Structures are given as structure tokens and as C-alpha cells.
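One-letter residues, chain by chain:
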Amino acid sequence: MANAHAVAPLGGRLVTPVTVVLAGLTAIAGVILLIRFFFGIGAVTNVNDGFPWGIWIAYDVMVGSALACGGYAMALLVYIFNRGEYHPLVRPALLASLFGYTLAGASVIFDLGRWWNVWHIFWPGYAQINSVMFEVAVCITAYIVVMWIEFSPVFLEKLGMKDVKRKLNKLLFFFIALGVLLPSMHQSSLGSLLVVFGYQVHPLWQTMLLPLLFLMTAILLGFAVVIFEASLVSVGFKRPGETSILARLSRIMYWTLAAYMAVRVGDLVWRGALGAAFAPTLEALMFWIEMLAFSAPLVLLASESSRARASRLFVSAVLLMLGGFMLRINGFLVGYETGSGYHYFPSVPELLVTIGLVAFEILAYIVFVRMLPVLPKHATH
Amino acid sequence: MNINRRDFLKGALAGGALLGMGAEAEARPNKTMPPQALGLLFDSALCIGCKACVAACKRVNGLPPDPTSGDDPMWDAPLDMSAYTYNVIKVYKSGTAVHKDQETDGYAFMKQSCLHCVDPSCVSACPVSAMLKDPVTGIVSYDAGACIGCRYCVAACPFGVPRFEYDKALPKIGKCELCRHRMADGHYAACAEVCPTGATLYGKVTDLMTEARRRLALKPGEKTVFPRGELGGPDQSYSAPAPKYIPQVYGEKELGGTQMIKLASVPFDKLGHRPLPERSYASISEGLQHTLYSYLILPAAVLGVLGVVAKRNAKHDDDDDGSAGRGRK
Numbered sequence: 001m002a003n004a005h006a007v008a009p010l011g012g013r014l015v016t017p018v019t020v021v022l023a024g025l026t027a028i029a030g031v032i033l034l035i036r037f038f039f040g041i042g043a044v045t046n047v048n049d050g051f052p053w054g055i056w057i058a059y060d061v062m063v064g065s066a067l068a069c070g071g072y073a074m075a076l077l078v079y080i081f082n083r084g085e086y087h088p089l090v091r092p093a094l095l096a097s098l099f100g101y102t103l104a105g106a107s108v109i110f111d112l113g114r115w116w117n118v119w120h121i122f123w124p125g126y127a128q129i130n131s132v133m134f135e136v137a138v139c140i141t142a143y144i145v146v147m148w149i150e151f152s153p154v155f156l157e158k159l160g161m162k163d164v165k166r167k168l169n170k171l172l173f174f175f176i177a178l179g180v181l182l183p184s185m186h187q188s189s190l191g192s193l194l195v196v197f198g199y200q201v202h203p204l205w206q207t208m209l210l211p212l213l214f215l216m217t218a219i220l221l222g223f224a225v226v227i228f229e230a231s232l233v234s235v236g237f238k239r240p241g242e243t244s245i246l247a248r249l250s251r252i253m254y255w256t257l258a259a260y261m262a263v264r265v266g267d268l269v270w271r272g273a274l275g276a277a278f279a280p281t282l283e284a285l286m287f288w289i290e291m292l293a294f295s296a297p298l299v300l301l302a303s304e305s306s307r308a309r310a311s312r313l314f315v316s317a318v319l320l321m322l323g324g325f326m327l328r329i330n331g332f333l334v335g336y337e338t339g340s341g342y343h344y345f346p347s348v349p350e351l352l353v354t355i356g357l358v359a360f361e362i363l364a365y366i367v368f369v370r371m372l373p374v375l376p377k378h379a380t381h
Numbered sequence: 001m002n003i004n005r006r007d008f009l010k011g012a013l014a015g016g017a018l019l020g021m022g023a024e025a026e027a028r029p030n031k032t033m034p035p036q037a038l039g040l041l042f043d044s045a046l047c048i049g050c051k052a053c054v055a056a057c058k059r060v061n062g063l064p065p066d067p068t069s070g071d072d073p074m075w076d077a078p079l080d081m082s083a084y085t086y087n088v089i090k091v092y093k094s095g096t097a098v099h100k101d102q103e104t105d106g107y108a109f110m111k112q113s114c115l116h117c118v119d120p121s122c123v124s125a126c127p128v129s130a131m132l133k134d135p136v137t138g139i140v141s142y143d144a145g146a147c148i149g150c151r152y153c154v155a156a157c158p159f160g161v162p163r164f165e166y167d168k169a170l171p172k173i174g175k176c177e178l179c180r181h182r183m184a185d186g187h188y189a190a191c192a193e194v195c196p197t198g199a200t201l202y203g204k205v206t207d208l209m210t211e212a213r214r215r216l217a218l219k220p221g222e223k224t225v226f227p228r229g230e231l232g233g234p235d236q237s238y239s240a241p242a243p244k245y246i247p248q249v250y251g252e253k254e255l256g257g258t259q260m261i262k263l264a265s266v267p268f269d270k271l272g273h274r275p276l277p278e279r280s281y282a283s284i285s286e287g288l289q290h291t292l293y294s295y296l297i298l299p300a301a302v303l304g305v306l307g308v309v310a311k312r313n314a315k316h317d318d319d320d321d322g323s324a325g326r327g328r329k
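For the record, the sequence lines run as chains A and B. Per our numbering, the very first residue in the first sequence carries number 1; after that it's consecutive. Per our numbering, the very first residue in the second sequence carries number 1; after that it's consecutive.
Read the hints as simulated data drawn from the structure, not as lab findings. Being a predicted model, the structure only gives us computed values, none of them experimental. Treat the hints loosely; a few may be bogus.
[What the hints assert, rightly or not] Reference listing, derived: stretches of chain B covered by chain A, where coverage requires no fewer than 3 residues with Cβ under 8 Å from a Cβ of chain A:
#	region
1	30-36
2	163-170
3	297-309
Glycine included, C-beta positions come from ideal geometry on N, C-alpha and C.
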């Protein structure tokens, strides 16, 4: 059993054309952030009083953390639903989640106008527990800590600290449980953030089921990202594919998706909001892109044989990631309007910071899997 | 324990139902106004658009000229509220715009500033208690010392009131605080102090509401008395014919009520004041959160179940060498 789950560092060169480009993009983002901290958020972004949150929140935090739900979804599957056969996918998924969440959490600082006060969120006397953002901030921070603890056996292995590792393993089940509970809480609350906006969020997205929609899509995105990353890793690091295990995973993803679509469409019909989808508006167009991205995998992955095809799996995973992206961007930006006369589209520097953040994440992932025991060991390698 | 797809779906559905149930459960009711709450009555029909209130607000709050004033910084003529302008008078124009307070071919003025909601979204949204509602006066105040600059209040406010300094390295939120910093000296809201026609009137909200109802009950053209400055303060009243009003006090019921209430002769949605439900968004949002997280009972129960299951399922990993949590050998 242990051999089937064996993991090992990949080794190999760290300085390659790919890593150099990624480092360059990270550096550009760093320079823009310097400007932001000296001259204000408006100096590099297009956010305004009508759109006080731009892509640094809607993408970096909302989408970024959802895309980092691979570790959550796999932990749910392996440790809660006891699907041990997916064990080889856990560690790489957890690593991607670790970076995704750590960076989503850290990137909040870029967007906080008065960032030096950020500790107030956790401080009695300042903390305002009725705020949805309080719940989100506390849960995300706690989850980042929990993930580093969950991942620490990897460092302990590297450092040869067997005793510490053995003791930690005795308690690991508790951190695994927390690692499932906390994302369930804050991923749903990321949707609840929109509830207090009231009429300012378009009826296609304003619903009391927002927490459920955000939670279900976070799990879906978790599965999709695991498939996406496993596909990229097998191509990028020239390793044999893991299509058979991914095909089985995709079946679970398929039924989760079917349940999500039933809830999403049912809610729209129940609230009588579906009519707004047929109005000639930008919101309706973006809604249909979102719904198509979620619907297409229902067709693409309908049969057992189609799920065994690596290309279909990959395309479906990408479509689901697009769908989850659209749901969040639509809810927070496209479907948000506080009054007429306001416009928002991210500025180039604003985009470059987001791109730099993603680049840094990929760079760190490459460095980690080459140096630490994360990926399953293959006989061919 | 090995589960099949049916069990997985069952579990997923049960979890979903739990969340859905929470979402449907009855939320907390709207908050109620403190009995001594202070506020403003703005009467659009009395406003002559002189903007003395805009200038006075800037003066007493030490606000610089607004960057949106245009190319000529000699004139501070803000078009909208901003972090440097807490109060503006906006104009509604239609057709030839010659008749005051007429919907067609007319014009009308409207004051835009913080409405000091009875159940404010900004207070509910703020994660660090930087936005607070005074339990006695009901004034919605802002504390820059607590603020983290997340702008959740800016996004949440249904009236677009709190604004942010996007052009500053060390920015703040700006909004009307009803001149609470001047009250110790016996002053009150500067906009009401300087208003020459009493269009902006300061006082206890209950008194202001009585005054608003009195005006709505007048026959148009009937001679009546309009107080100025502070309702119940030194007499500065004058007499004038009663205007024709839309029979509505904006802010009486909207989102659970506001402490700045308004009268107008042109429908409010034409004056940038949309119809709003009586249920406050803060009560909906907090009701949802309280249902899910009341005393952390639900999360604790879920954590307990997850812990038991995870302990059982993670254990067999250790069987090989007693140390490899992730089964490495």
C-alpha cells in the first residue's frame, strides 16, 4: 500500500526559460505594487467609488481561493468519503492549495487601503463578528495555517525529523477535519459577502443561496483544478499520465456538477429571475457564458468512455474553471451596480499585478515539486 | 468503510440541504431607531440650490477642494459626493427646465449625504468596527484609527455614501457624521445651520417626522410657517405658501428607515432615490450569518463529525511504518 502512494522530489534544473519568464513577471508586479504603496491604489488601478473592488479582490481573492480548493476537494474525498485510491492526488493538490490560498490571503494586503491596521480583524474590541468579511478573513487565515501544518510532514521528511513527524501524525486527523470545515465555511461566505449589497447585485446573482452556490462551485473547481494540474504536470514534467484515476474522479465531479446545475437553475426559476437572462444586456450575455461553461462538461463527460479520454477531461476541467471564474466575476463586478455613471475595467498595471501573482504561484510550485517529495514516484523516472 | 456514488450524493445533498435550510430560515428583524435619535429633514421644495450647505460642510470638516471639480481649482464645484465632499446638492432637469419642482419641463434640487440608516449596511459590513452607530444619537460614525481600508462599506452602502481616498498612500473613508465633532460646542449639523430657507432642518428624528407629516397634510398654496436651523431651537421661522408634495416621506420606511428624511415635489426616483424594500439588507445578511454560525454550534458539530471520520480514514495510512501519514516509505 505504501509503495502505491510513494512520493519523491522530481529533481532537475531550477533555472529554465519558463522559470526565468515567471520570475520576470513576478518582478514587474513587485514594481507596480511599490508604486501602489507610495501613491495610492488609484495610481495603478481603475477602482472607484462605484466599483470599490476590482480584480485584486474579485479575481485574486474570490477566484484565486476557489481555484485553490483542490486540496479541500481531495481531502473531502480521501479522508471524509474514504476514497483512498485518490491518495496520490492529495499532496500535489494540497501544495497548489497552499500557494493559492497563501497568495490570495497575502494579496488582500495590496488592496487594503489601511493595511497597517489589518490585525484589527482578529483583535477583540475591533473585530466585528456580524460582518461577513470578519468570518471570511478569520476562516481563510486559519485555513492557511492549517494547510501549512497539513503539509509540514513534507518538510519534516526532507529535514529527517522523524519524531516530530510521528507526533504530528497522531494529531493530523484533527487538522484534516479542520482543513475540510474551514473552506466549507469561508468559500460559502465569499458568496454571502454579496448578500448585504442587496439590489446592487443583479437578480441573476443576488440570492440567499449564494453561500451554497459558492460552496458547490468551490468543490467543483477543486476537482477541476486537480484534473487540470495533473494533466499539466504529466505533460510539463514529461511523466506518465494518470488518466484512469482522473477518469474515476471526473465521475464524482460530474454528479456534483449535475447537482449544482439543478440548484442554480432551480433557484433562478423559484425566484422568477430567469426572465432577466433573456434581456439584451451585458449581464445576460455574461450569464450565458457562465452557464454554458458549466453545462458543456455535462455533455462532454456524459459517458464512461468519454471520461477516459484525457483531452475531454482537460477541456472539461478548463470549462469548469471558466464557469467558476465567471460566477465570481459576474457576482462581484459584471452584475454589481451601485448607480449609473460608474465604469470599471482593470487597468494594465492592475492586470500585471494579478498576472505576476499567478506567475509567482506557478514558479513556487515548480521549485517545490523539484525539491520536495510531493509528486507520486514513478518507476519510469 | 467504502462508499459508493449513491452514498456520496446522499452526503452531498444532506450537506446542501443543511446550508439551504440555514439560508431560508428567518433572519433577525430590522434594528429600531434610538428614541433620542438625531437627524435631518430635507425639503426639496424649499431648496433654492444655493449650495451654502456644501460650502459650510467643507469648511467645518476641513475638506479640500474636490479633485472632480474640473480644471479650474478656483471654484470648488463638486459634482458628486467623494472622500473630500460629504454633502452635495444635485439638480434634476427635464425638458425646458423652467418650472421649479415640476416633473416635466421643470427642475428640482436634492441633497445627497449620509442618511444615517436605522439599520446601516456599512456598520454590518465593516469587519473592524470602524463604522459604528451611536446607541443614543444614532449617528453613523467613522473611525479612521480602526479602519483597514477594505472598502466593504463603500460597496455595501445602498445609497453610495462612504467614499475612499484612492489618490492617497495613507487613505481614509469620508462620509457625513452629522457634525458630531461640533456638538460639544453646542453646534449642530453645519448644513442645517447655514441653510437660508430651512430646506435642511436639524433635530430629533421623531420631531422631524412630525414636521414632515404636518407639511404633507397642508393644502398647496396655504400660508404656513417653516422653521429654520434646529427644530425646537431658537426661532428663525418664516411664513410662506405650502408647496405641493409627493405624499411620501423618503426614509420613513426605506430599508427600515433613515435618520435623514426627505420631502419632495418630484417623484423620488427622479431625484436619485430609488424605491427600496422595508427590510434592511443588514438584517438579511446578518440573519443568514447568525443562522449558520449561531454560537458556532453548526461548525462545531460538523467539525466533530469530520474529526471522527477523518481519524478512522486517515489511520490506515500509518499501518505501514507507524509514521508515514501520507503513506511514504
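Non-conforming hints, listed in increasing numerical order: Hint 1 alone not satisfied by this model.
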